[in-house]
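Student: So the chains spell out like this:
Number of protein chains: 2
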Amino acid sequence: MSAQIHPILLCGGSGTRLWPLSRKSYPKQFAKLMGDESLFQASARRLSGEGFAAPVVLTGDPFRFIVTEQLAQIEMGPSGILIEPEGRNTAPAILAAALWLAAQKGDDALMLVAPSDHVIPDAEAFRATVAAAAPRAKAGDLVTFGITPDRPETGYGYLELAAGADATAAEPQSLARFVEKPDAERAAEMLAAGNFLWNAGIFLFTAGTILAAYRAHAADLVEAVSAAVEGAGTDLGFTRLAPEAWAGAKDISIDYAIMEKADNLAVMPYAAGWSDLGGWDAVWMESAKDEAGNACSAQATAIDCQGTLLRSETDGQQVVGIGLEDMMVVAMSDAVLVAPKAEAQRVKEAVSALKAKGASQAVQLPRDYRPWGWYESLVIGGRFQVKRIVVTPGASLSLQSHHHRSEHWIVVEGTAKVTVDETVKLVTENQSVYIPLGAVHRMENPGKVPMVLIEVQTGSYLGEDDIVRYEDIYARN
Amino acid sequence: MSAQIHPILLCGGSGTRLWPLSRKSYPKQFAKLMGDESLFQASARRLSGEGFAAPVVLTGDPFRFIVTEQLAQIEMGPSGILIEPEGRNTAPAILAAALWLAAQKGDDALMLVAPSDHVIPDAEAFRATVAAAAPRAKAGDLVTFGITPDRPETGYGYLELAAGADATAAEPQSLARFVEKPDAERAAEMLAAGNFLWNAGIFLFTAGTILAAYRAHAADLVEAVSAAVEGAGTDLGFTRLAPEAWAGAKDISIDYAIMEKADNLAVMPYAAGWSDLGGWDAVWMESAKDEAGNACSAQATAIDCQGTLLRSETDGQQVVGIGLEDMMVVAMSDAVLVAPKAEAQRVKEAVSALKAKGASQAVQLPRDYRPWGWYESLVIGGRFQVKRIVVTPGASLSLQSHHHRSEHWIVVEGTAKVTVDETVKLVTENQSVYIPLGAVHRMENPGKVPMVLIEVQTGSYLGEDDIVRYEDIYARN
Numbered sequence: 001m002s003a004q005i006h007p008i009l010l011c012g013g014s015g016t017r018l019w020p021l022s023r024k025s026y027p028k029q030f031a032k033l034m035g036d037e038s039l040f041q042a043s044a045r046r047l048s049g050e051g052f053a054a055p056v057v058l059t060g061d062p063f064r065f066i067v068t069e070q071l072a073q074i075e076m077g078p079s080g081i082l083i084e085p086e087g088r089n090t091a092p093a094i095l096a097a098a099l100w101l102a103a104q105k106g107d108d109a110l111m112l113v114a115p116s117d118h119v120i121p122d123a124e125a126f127r128a129t130v131a132a133a134a135p136r137a138k139a140g141d142l143v144t145f146g147i148t149p150d151r152p153e154t155g156y157g158y159l160e161l162a163a164g165a166d167a168t169a170a171e172p173q174s175l176a177r178f179v180e181k182p183d184a185e186r187a188a189e190m191l192a193a194g195n196f197l198w199n200a201g202i203f204l205f206t207a208g209t210i211l212a213a214y215r216a217h218a219a220d221l222v223e224a225v226s227a228a229v230e231g232a233g234t235d236l237g238f239t240r241l242a243p244e245a246w247a248g249a250k251d252i253s254i255d256y257a258i259m260e261k262a263d264n265l266a267v268m269p270y271a272a273g274w275s276d277l278g279g280w281d282a283v284w285m286e287s288a289k290d291e292a293g294n295a296c297s298a299q300a301t302a303i304d305c306q307g308t309l310l311r312s313e314t315d316g317q318q319v320v321g322i323g324l325e326d327m328m329v330v331a332m333s334d335a336v337l338v339a340p341k342a343e344a345q346r347v348k349e350a351v352s353a354l355k356a357k358g359a360s361q362a363v364q365l366p367r368d369y370r371p372w373g374w375y376e377s378l379v380i381g382g383r384f385q386v387k388r389i390v391v392t393p394g395a396s397l398s399l400q401s402h403h404h405r406s407e408h409w410i411v412v413e414g415t416a417k418v419t420v421d422e423t424v425k426l427v428t429e430n431q432s433v434y435i436p437l438g439a440v441h442r443m444e445n446p447g448k449v450p451m452v453l454i455e456v457q458t459g460s461y462l463g464e465d466d467i468v469r470y471e472d473i474y475a476r477n
Numbered sequence: 001m002s003a004q005i006h007p008i009l010l011c012g013g014s015g016t017r018l019w020p021l022s023r024k025s026y027p028k029q030f031a032k033l034m035g036d037e038s039l040f041q042a043s044a045r046r047l048s049g050e051g052f053a054a055p056v057v058l059t060g061d062p063f064r065f066i067v068t069e070q071l072a073q074i075e076m077g078p079s080g081i082l083i084e085p086e087g088r089n090t091a092p093a094i095l096a097a098a099l100w101l102a103a104q105k106g107d108d109a110l111m112l113v114a115p116s117d118h119v120i121p122d123a124e125a126f127r128a129t130v131a132a133a134a135p136r137a138k139a140g141d142l143v144t145f146g147i148t149p150d151r152p153e154t155g156y157g158y159l160e161l162a163a164g165a166d167a168t169a170a171e172p173q174s175l176a177r178f179v180e181k182p183d184a185e186r187a188a189e190m191l192a193a194g195n196f197l198w199n200a201g202i203f204l205f206t207a208g209t210i211l212a213a214y215r216a217h218a219a220d221l222v223e224a225v226s227a228a229v230e231g232a233g234t235d236l237g238f239t240r241l242a243p244e245a246w247a248g249a250k251d252i253s254i255d256y257a258i259m260e261k262a263d264n265l266a267v268m269p270y271a272a273g274w275s276d277l278g279g280w281d282a283v284w285m286e287s288a289k290d291e292a293g294n295a296c297s298a299q300a301t302a303i304d305c306q307g308t309l310l311r312s313e314t315d316g317q318q319v320v321g322i323g324l325e326d327m328m329v330v331a332m333s334d335a336v337l338v339a340p341k342a343e344a345q346r347v348k349e350a351v352s353a354l355k356a357k358g359a360s361q362a363v364q365l366p367r368d369y370r371p372w373g374w375y376e377s378l379v380i381g382g383r384f385q386v387k388r389i390v391v392t393p394g395a396s397l398s399l400q401s402h403h404h405r406s407e408h409w410i411v412v413e414g415t416a417k418v419t420v421d422e423t424v425k426l427v428t429e430n431q432s433v434y435i436p437l438g439a440v441h442r443m444e445n446p447g448k449v450p451m452v453l454i455e456v457q458t459g460s461y462l463g464e465d466d467i468v469r470y471e472d473i474y475a476r477n
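Chain order of the listed sequences is A and B. Counted the way UniProt numbering counts, the first sequence spans residues 1 to 477. Counted the way UniProt numbering counts, the second sequence spans residues 1 to 477.
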């Protein structure tokens, strides 16, 4: 048992509301939406330092290496990474984390459950608020964090304080009930009433308290998720929840499954700034703006614009807006979104429309993240393709061959260990290797810095599925 | 002397009103704004066939190889390409063409002078109209083509017909005078009056008629331009007007210099459709539209939009608009423009703003056209750069060396003849060559199809100015 607080970072989402920057292959929490760190990195760092244990991360299989890489970039290590075989909303995920943590640290372990795709600019204030909430959680309450509202927002759920509670207090207050997303009129009433806070989906409780609540209010979930945790496999340091058992867990939020039923609820008010960045309008709201209310990225130019979000997310791409009012423009080399800010919640329609067109931009970023690093296609011609491939130190691609293409590899940064049939050699900056069609080959980075390689493929068929894998340290087929 | 009509294609402009597709390095007339041909190609083809001689093209030095390549693509050859050392507006250019043509074909040669960046959808109707105007031009009049107006446009000059003339006639009419761009009220009056046509800047006259007019109304121009034509050099088939003499020619339009002073004016009405594509609003107007009035390119998706132009000009880039009304969005991989259509005439402000920022996108396309073909940078890293290089059949890059970089070349289409120091060899698809730092090298395309090559540079400095040229068939330094 530890007196520390264990951050439980929920990192499974695949939101489409921030397309084109956030895509299914690389969702919002991993993107650098605000500043130089991703939202996930900022979340992990916010809940670190004195009083905090290393985080437990819950994520999906496609994101596990992004999680480890992003944590490594900020020189943090997780105490565990739990892989959800598929997304089942927050109730099963938090239950899995509670069971896992209780087994490791005992029932008294304090869990701070937080989404990893929110913005909380004042990390110090937030940590102080978490510390202030800890005694009430230790005492056996389920503490929710309630954000002081500054507008009649209809996009969030609300928390109604109990009679006599103080919505501006610096310590936990009693909570009457959870309120679902309101209409505009009701939102205005709640803002005026003063005893309502926004539900940020951030919770503090001991593993024992929340497990007891699950047993009382969601016994069926406990059965399925316990089996998934007990049957979990470990794989390269990841804890992979058992898929069959997990499939039996209901897809439900912790608000519905537990919070709306429990009576040991408390709320900790927080007034120092928070946003769920639930759309480009929210990103605009949280961004630094010029005098006319425009939030422009470095490569964006606003001429005679007002209240407009203007972002270029790709190096070497300039965006210019002229005479725009309350618009949002998000540009990347492969996809551009333009809409009034008022239509921010309709961005998912763009994703659906592109899916219907069969356009890969609906779900896929130009950079494709893999266990060993990432690659992007630089140009595709009739019988050739050029890729940039970046391999992280110590990583290795599978031993493979192709039926329809040969490859030229030119190392431009770092050092590669290259296997071609029977020969193995080190290839360094400004050296090249030729992989004939059919040759069995492998690329590794034995060094201490990322290895960057340009691959020029030629052949009659260049699809990713022309691959025969002989060995793979990441156990792919 | 020939009975044929000689098309004189004015191809010097560097308009910024269609940025980002049109840039100084590759202006509007060379872009595929409407359909599969460039405006220049469509203009050349429109004035070809029975009754027309091969065209004379007036263009600037940076565009001479684009002109020859685009004519070759549509299997046309020019009768001459006159290079203007710098743009001096239409009066000196047309005078140079008249002097050059008169020297070749005599004073009776008929000249059809036309901008090469306009849209005239019905080529057959236009050719018939030119034919109908020919007798009046042969008889010694300066015939201007007047477009039947369909709206009170303030962006064009107007032509006022003489009393008793018929603005709907199928033969030339007498012209009272040229009218400058009007304000909205005056434009509405002229549209209502019915005896005004738009000035399209298209003219038909004999070389002798227009030379006489220049001698009568612009004697100083005749002196300077005659010297520029007499002193012209020929170079790879181009006629390069003498720069010092040309510098003495006044920068003035033919309307001001000649047409507003001459009294042998006639106008040929034309009602079958024309646009100068003077802005993205005009492009929208001329484009095919859906039921809601949206003009979308293949990779553009309009969700709940109205009256909007939505274009992606780069392969592999999707553009989505949601809830847009009367907007224009033009996206490329390296630059995006968003504005209300009503602001179309302010696009040049975008170019100015980017120039002030030092952004190359103000003037330069990703593809850089050279005498031997073109290249584009695919990715630039700290110590490496990858380029796609396309060399036209028969073309050759200069014999050169670099102080700071080595290069790997991989041929992916066609065949290259490669010189590296003392060795010369043929390199074909899927073969590579290494050019060590300091080696004297050259790349040629000896074949009949374009040669495509991927170049991977590594070194401490990768600027285009790290080049020592030893020989260049295009006489560059």
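Incorrect hints may have been included.
Intra- or inter-copy, both count: the list cannot distinguish identical chains.
What the hints assert, rightly or not - Once the Cα atoms are required to be at most 25 Å apart in a straight line, the calculated DSS-like pairs of lysine-lysine come out as:
#1 355 x 250
#2 357 x 289
#3 417 x 138
#4 355 x 289
#5 357 x 32
#6 24 x 250
#7 138 x 448
#8 138 x 181
#9 425 x 105
#10 138 x 105
#11 289 x 24
#12 417 x 181
#13 357 x 250
#14 355 x 181
#15 261 x 181
#16 105 x 357
#17 32 x 387
#18 448 x 341
#19 355 x 24
#20 289 x 250
#21 417 x 341
#22 341 x 105
#23 425 x 355
Treat the hints as calculated values from the structure; they're not laboratory data.
Student: Can you give me the call for residue 448 and residue 341, within, between, both or neither, at a CA distance of at most 25 Å?
Tutor: neither (45 Å within a copy, 53 Å between copies)
Student: Within a copy, between copies, both or neither: where do residue 138 and residue 448 come within 25 Å Cα-Cα?
Tutor: Neither, since 44 Å and 80 Å both go past 25 Å.
Student: Given identical chains, is residue 355 near residue 250, meaning Cα to Cα at most 25 Å, within a copy, between copies, both, or neither?
Tutor: Classified as neither; 27 Å inside a copy, 57 Å across copies.
Student: Pop the pair residue 261 and residue 181 into one bin, within, between, both or neither, using alpha-carbon distances up to 25 Å.
Tutor: Within. Shortest intra-copy distance 18 Å satisfies the 25 Å Cα cut-off; inter-copy 74 Å does not.
Student: Checking an output row: residue 289 and residue 250, CA cutoff 25 Å. Within, between, both or neither?
Tutor: neither (43 Å within a copy, 48 Å between copies)
Student: Quick one: residue 341 to residue 105, C-alpha cut-off 25 Å, is that within a copy, between copies, both, or neither?
Tutor: neither (46 Å within a copy, 63 Å between copies)
Student: If the cutoff is 25 Å on CA atoms, where do residue 138 and residue 105 land: within, between, both or neither? Let me know, please.
Tutor: Cα proximity of residue 138 and residue 105: one copy only (14 Å, versus 101 Å across).
Student: Between copies, within a copy, both or neither: which fits residue 425 and residue 355 at Cα up to 25 Å?
Tutor: neither (43 Å within a copy, 48 Å between copies)
Student: State whether the alpha carbon distance between residue 24 and residue 250 is at most 25 Å within one copy, between copies, both, or neither.
Tutor: within (22 Å within a copy, 60 Å between copies)
Student: At most 25 Å between C-alpha atoms: does residue 289 with residue 24 qualify within a copy, between copies, both, or neither?
Tutor: neither (29 Å within a copy, 32 Å between copies)
Student: Should residue 417 paired with residue 181 be assigned to within, between, both, or neither, using CA atoms and 25 Å as the limit?
Tutor: neither (55 Å within a copy, 69 Å between copies)
Student: At most 25 Å between C-alpha atoms: does residue 357 with residue 250 qualify within a copy, between copies, both, or neither?
Tutor: neither (32 Å within a copy, 55 Å between copies)
In the structure shown, a violation is registered for the earlier hints numbered 1, 3, 7, 8, 9, 11, 12, 13, 14, 16, 18, 20, 21, 22 and 23, in ascending order.
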